[in-house]
Structures are given as C-alpha cells and as structure tokens.
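What follows is the residue order along each chain.
Number of protein chains: 2
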Amino acid sequence: MSELRKDPLTNRWVIISQKRSARPSDFRVDSIHKEHSFCPFCEGHEDKTPNEIMAVRTQEAEANNSGWSVRVIPNKFPVMESEHELQRYGIGMYDAMSGTGAHEVIIEHPQHKMNIADFEPEQIHRVFKVIKARITDLYKDERLRSAIAFKNYGIAAGASMSHSHSQIIALPVVPRNLKVELEAAMSHYKYKERCIFCDVIKQELITRERIVSENDQYLSFAPFASRFPFELTVIPKTHSYSYIKTDDASLYNLALMLKDVLTRLKVALNDPAYNIILHTAPNTTKRPGNPSYWSSIEFDYHWYLEIMPRLTKVAGFEWGTGFYINPTPPEEAASFLRDYDKYMVMDHK
Amino acid sequence: MSELRKDPLTNRWVIISQKRSARPSDFRVDSIHKEHSFCPFCEGHEDKTPNEIMAVRTQEAEANNSGWSVRVIPNKFPVMESEHELQRYGIGMYDAMSGTGAHEVIIEHPQHKMNIADFEPEQIHRVFKVIKARITDLYKDERLRSAIAFKNYGIAAGASMSHSHSQIIALPVVPRNLKVELEAAMSHYKYKERCIFCDVIKQELITRERIVSENDQYLSFAPFASRFPFELTVIPKTHSYSYIKTDDASLYNLALMLKDVLTRLKVALNDPAYNIILHTAPNTTKRPGNPSYWSSIEFDYHWYLEIMPRLTKVAGFEWGTGFYINPTPPEEAASFLRDYDKYMVMDHK
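Chains as they are written, first to last, in this note's numbering: chain A, 1 to 349; chain B, 1001 to 1349.
If you are wondering where the hints come from, they were derived from the structure by calculation, not from laboratory data.
Mixed in with the good hints, there may be bad ones.
To be verified - Derived lysine-lysine pairs resembling DSBU-like cross-links, with alpha carbons at most 30 Å apart:
hint: 1; chain 1: B; residue 1: Lys1076; chain 2: A; residue 2: Lys6
hint: 2; chain 1: A; residue 1: Lys6; chain 2: B; residue 2: Lys1140
hint: 3; chain 1: A; residue 1: Lys34; chain 2: A; residue 2: Lys313
hint: 4; chain 1: A; residue 1: Lys48; chain 2: B; residue 2: Lys1313
hint: 5; chain 1: A; residue 1: Lys179; chain 2: B; residue 2: Lys1190
hint: 6; chain 1: A; residue 1: Lys266; chain 2: B; residue 2: Lys1034
hint: 7; chain 1: B; residue 1: Lys1034; chain 2: A; residue 2: Lys313
hint: 8; chain 1: A; residue 1: Lys192; chain 2: B; residue 2: Lys1179
hint: 9; chain 1: A; residue 1: Lys179; chain 2: B; residue 2: Lys1006
hint: 10; chain 1: A; residue 1: Lys34; chain 2: B; residue 2: Lys1034
hint: 11; chain 1: B; residue 1: Lys1192; chain 2: A; residue 2: Lys179
hint: 12; chain 1: A; residue 1: Lys313; chain 2: B; residue 2: Lys1113
hint: 13; chain 1: A; residue 1: Lys313; chain 2: B; residue 2: Lys1006
hint: 14; chain 1: A; residue 1: Lys179; chain 2: B; residue 2: Lys1179
hint: 15; chain 1: B; residue 1: Lys1266; chain 2: A; residue 2: Lys34
hint: 16; chain 1: A; residue 1: Lys313; chain 2: B; residue 2: Lys1313
hint: 17; chain 1: A; residue 1: Lys313; chain 2: B; residue 2: Lys1048
hint: 18; chain 1: B; residue 1: Lys1006; chain 2: A; residue 2: Lys140
hint: 19; chain 1: A; residue 1: Lys179; chain 2: B; residue 2: Lys1313
hint: 20; chain 1: B; residue 1: Lys1313; chain 2: A; residue 2: Lys266
hint: 21; chain 1: A; residue 1: Lys132; chain 2: B; residue 2: Lys1313
hint: 22; chain 1: A; residue 1: Lys313; chain 2: B; residue 2: Lys1259
hint: 23; chain 1: A; residue 1: Lys313; chain 2: B; residue 2: Lys1266
hint: 24; chain 1: B; residue 1: Lys1076; chain 2: A; residue 2: Lys313
hint: 25; chain 1: B; residue 1: Lys1190; chain 2: A; residue 2: Lys190
hint: 26; chain 1: B; residue 1: Lys1179; chain 2: A; residue 2: Lys6
Computed from a predicted model, the values in this text were never measured in an experiment.
Okay, chain A solo, but in the shape it has when bound (with noise of 0.2 Å):
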C-alpha cells in the first residue's frame, strides 16, 4: 500500500509509492554526456570562453591565461545581466522586472573531467572555497536578493557542457521555493524557538533509517518525504543559516562528504545524471521593505546542498499539482547507498 508523506518545510505530499518500488538495478543507465570536439572550458583554450571573474592560480599568470585550477566566466548565453538598471514596472494587470542580475561559470577543473566525484577532495574544496567567494561578492550589490549556485551533471540534468562546471544565477527577487522554504523555517521557529532544520537532523539521528553517510561536521540522508528516487539533502550538523559563514575547514568536510556521497550514487546507480542546488540564506543587507522572514533568519534558516539523480520522467501530474509520485521509498533508497560497494562489479572502473 501506498503512503502520503508531507515535506515538514515545504508542506508538499509526496506519494510514496510500494507498488511500482524500483530498486538501483531498475534505473542503471548510463550517463550520457554532450561531447564537443573542441571545449572553451580546458586549460589553454582561455581565449575562446569571455574574459574571467575570478580564476584560483596555481602559477603567477596574468588573467585569461594557464596556469589555473578553479576558473570563474560569465555565462556566454546570459540570463540575466547586472550593467541593467533594475526597473519594476507593470504591464496592464501584470508585474515584470528587468533581467538585472548576474550569470557566472566556474570551471572546476583544468583538464577535461566530468564528474566531481573523480576529482581529489582538495579540489572539490577549492571549488566550494571559490563558490562562497563569489557569493559573498554577488551580495556586495543591494539589488541582488539572492544567488543561487547550481550544477547540472551529464544530458538528463541539463547539461549542455560536459567538462565539470557549476552556475551561480543572482537574481533581483528571492525564487519561490526559498520563500515557502523561509517562511516555513520562520513559522516553525515562532512556534518552538528551534531550527526546522536541527529538528530534522535529530529525527534522522534518531532512527538512521534514511542516513547515507556522517563525518564530523556533515549528514547525508534521503528526505522523509522524497519527490525523486535517490534524492538526498547534504546538511551541516551544526546550526548554520548561511553557507557564505562557513569557515575553510569545514568546507574541507564538505568536499569529503560531497565526494562519498557523489561515489555511491555512481557506483550504485552506473554514473547518473544529477543537478545539486545549493539552498542557502537569501542577501540579508539591510534595506527598506525587508520581508518579515528576514527578522529571524539567523536561527530558523539552515544551509544545505540538494542533490536530484535524473532517474525518471516527469509526468504532467507533477507538473500540474506539485504533487509528487515517488517509486522509490527513502529507507530502500538510503539502504542500498550504505551498502553501495556491494554494487560495485568487477569491469566497474
């Protein structure tokens, strides 16, 4: 029998779903990449990609030239540029803005890898190191509300590059979802002067049904209330509302953690496409007309990475309603992610 299981931040139904339970072997498929025979992202082709942001050097080199491990570019096809004057205007009944905003590439890698899960974790950490200082630079302007970094691994996912890269998008409105996320953490923290978030953590700690992995500042488990088969939420343990406060080291067990965790679903799932959205506190610069759920965000809002294998198709259902079908329970899913190894075969590289 099926069970309706409702997000505690979201408020969304999720059905669950016991009747079409798929397990990892009924999802391996292979990642498929978009292959180009020439890629602007490689070490040496600096000149074919727009003028660099900010690179991280590993030799004295001016700009836009080798010499480089972390590279940050606009994006050549933006979605949102910053030099526009930001104008609110209506149109009839309607609201609409200017695209005033910034759309940044970081490029984690020199040479041409495509999964993060390969790279060594010093590396993975200097891409976080890079992604909290662009942020933190992003939210320097006033007209910017929030930014949201994001990556989109392998064709399913939206990739168009296949060389290992994340997005920042900053926008000049927090996106819905932040909202609802925001207001839940604030309502809950009215209520019972506690993090939504901390809560969470101790349930899973408590039963460790859903938890993948645990390191010494980090968890990783699959959500009460799933929408996606495999999807899992990467979590400080410690209270922490904005993912720009956090220190280096802790950063550093980040990339660790990020590495497990991006291994297991390679191993157990043949290298799934995946997108990992990174959910953290909106620019809290003072200014008038600040929302009411800005008042207590340093204590009810808490960080974290969302992680989405692209397994299966969605549905006009979903679309439509919000409303989420899930073959996939949590528990199973988490299970056989402890247990990935067992996955691994003897041809698996």
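Got chain A; can you put chain B on it based on the hints?
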C-alpha cells in the same frame, strides 16, 4: 534583454529570455510513442484490462465487451486505492497518511488512435462528459478532497501507452499547486470582489497579443508568465468555478477549442509530446475543518485547462528554485500559433 515576469496566481517569477529566443523550428521534434506489440486498450481486448468502472456504449452489450466509445478502468498499477481506510498519523516529527484515493484510466477511443487532435469533436465531447461524470462520482466520497484529471501524450510527457488515454487521481488532500491557486484567488477576491481569472481574461482580450484562438465560450492564450515555450491556457470566458458544473453544450464548445489548439501545436511544432492538466475546484462537500479558502470559492475560483508541450529539458535550477527560464516569449508563441497554417508543408499529413 531578458525580463522577469510574475504569474499573478502563483506569485512565481519567470525569466523570459530574449537572448536565448527560440522559434518553433528550434523545437520541431517528432513525438515518440512507446509502441507495444499488443494494446490492451483497443476494442476487443477488454479481458486484458481490470474490470471497467464505466463505459459509453454505442451498442447494447454487457460490461467489459466490445461496442463502446469511451471506457474507464482502474489503473493496473494504482498509486492510490479507495479500499484502504483513511488514516492520518505521525512518524516522529513527520506527518503521513494512508494512500486512500483512486487512480483511473479513461480510454478515449475504441481504435488505436494516439493524438486527441485527430479525433472528431463529437468523440472529444464524449471524453469530456465522461471526465465530468467520474469526478462527480468520486466527489461523493467525502474522504477525497480533490481529483486531478490529466493527460500525458508521448514518451517525453511520461506516457507509457500510446493509445489515447487520460487519467484521474483522486486524493485525500488538496495538492500544493492547487492550494496556492485557491489562496491567491481568495485573497484577490477579498480585496477587489472580482475573480482574478476573469481579470486575466479581460486583460488578455484588451491586448490580444497572447491570444491564440477564441470561440463563443472559450479562450486560449499563452500565459503572461509562461514557464515553458508554447504553454497554453484554455479557459471558459464567463465565470465558472467548477468543471463538473459545466453543461454539456458548453463541453461541446470546449471540445472544439481543444481540437483547435492541439491541431495548431501538432502542425507548428511537428506533433510534440504534451501534458494537459485540468485545474478545477476541489471537493467542496461540507465537512468539519473546512479550510478558509472554501468560503468564497464559487466566486473567486475559475476552472481551466493547462496545456504544456514538452520541448525543453528542465534543469536543476528550475527544480531547486521553482524559478523558470523560458526562451520563447509568450507573445511570440501566440503569434506563431495564430498563423500556424504557414507551417503546414506539402508533405505534412
């Protein structure tokens, strides 16, 4: 320059990206169907499906025999089942419910036809009357709070059978997207004593730039803050909160309108996969604990069909944020669909 637009109903911001502007020719892909050697939905194969719930019969015959024009059966792999007693319970800090509900399949033609665009209007009319009858019947069960009728056409839209069919899922909750709509509609009504959908219709009829077609009773247009290229709304022009209150003469006009817009999509975009979702009032049977958004629903809500061609991949950014990037401004989509016959070519059937 791109523009951010806010959907008045969901408060969702969408980036309308001019730089990535995409015309129909950028999307023209053949719709792909999953074909099985044997189709259990075809007339004469009634013994290969679960027993029918209802059927429109053109000749007198016992149930589960030939001679029908529309046939309703339970889904063979239901995500919800009505036999289960409705139970609400907590699991630690989390909330859950039994999977009590219904999951039905409406087989829309006795022959192996695929796209409802190719049906006679009379047959589409029969399908609409059957959907009305089924939702009316399901709403007699007070446990069921909402019924979602939807259609997946083509593999990219999530269809597992190519034979034309729709589905109804009845739920013991109101799905999140519908709840958001109901609350927005109520709040607009409280403030202005007008239906927000009627306001949108009026606005669209003034500018006409997003209108695709119109008949005596229905309007089709590309919504101002379309999330996807060629997304369409089909809506009754006069106020009507519930699809199941619509009379049969009006449903015939709806059949004409649906055939019209699906034919336009088929020709202009070369038979794309698509989803259709019916947005209508939930089960308003009086019961204890009625939510506040029940109070003025007859006046503030307005049913409609949402049509979404599946032309683009949805990436991590959209999943994580609820924030969409649409490369085709709805004004351009509507203009293409108004002049769809320009896209007809000699070898096109």
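We went through each hint and held it up to the structure:
no., hint, result
1, B/Lys1076 to A/Lys6, "holds, 25 Å"
2, A/Lys6 to B/Lys1140, "holds, 25 Å"
3, A/Lys34 to A/Lys313, "holds, 19 Å"
4, A/Lys48 to B/Lys1313, "holds, 26 Å"
5, A/Lys179 to B/Lys1190, "holds, 23 Å"
6, A/Lys266 to B/Lys1034, "holds, 28 Å"
7, B/Lys1034 to A/Lys313, "holds, 14 Å"
8, A/Lys192 to B/Lys1179, "holds, 25 Å"
9, A/Lys179 to B/Lys1006, "holds, 14 Å"
10, A/Lys34 to B/Lys1034, "holds, 25 Å"
11, B/Lys1192 to A/Lys179, "holds, 25 Å"
12, A/Lys313 to B/Lys1113, "holds, 23 Å"
13, A/Lys313 to B/Lys1006, "holds, 27 Å"
14, A/Lys179 to B/Lys1179, "holds, 16 Å"
15, B/Lys1266 to A/Lys34, "holds, 28 Å"
16, A/Lys313 to B/Lys1313, "holds, 11 Å"
17, A/Lys313 to B/Lys1048, "holds, 26 Å"
18, B/Lys1006 to A/Lys140, "holds, 25 Å"
19, A/Lys179 to B/Lys1313, "holds, 24 Å"
20, B/Lys1313 to A/Lys266, "holds, 22 Å"
21, A/Lys132 to B/Lys1313, "holds, 28 Å"
22, A/Lys313 to B/Lys1259, "holds, 26 Å"
23, A/Lys313 to B/Lys1266, "holds, 22 Å"
24, B/Lys1076 to A/Lys313, "holds, 19 Å"
25, B/Lys1190 to A/Lys190, "holds, 27 Å"
26, B/Lys1179 to A/Lys6, "holds, 14 Å"
Checked against the numbered hints given earlier, this structure breaks none of them.
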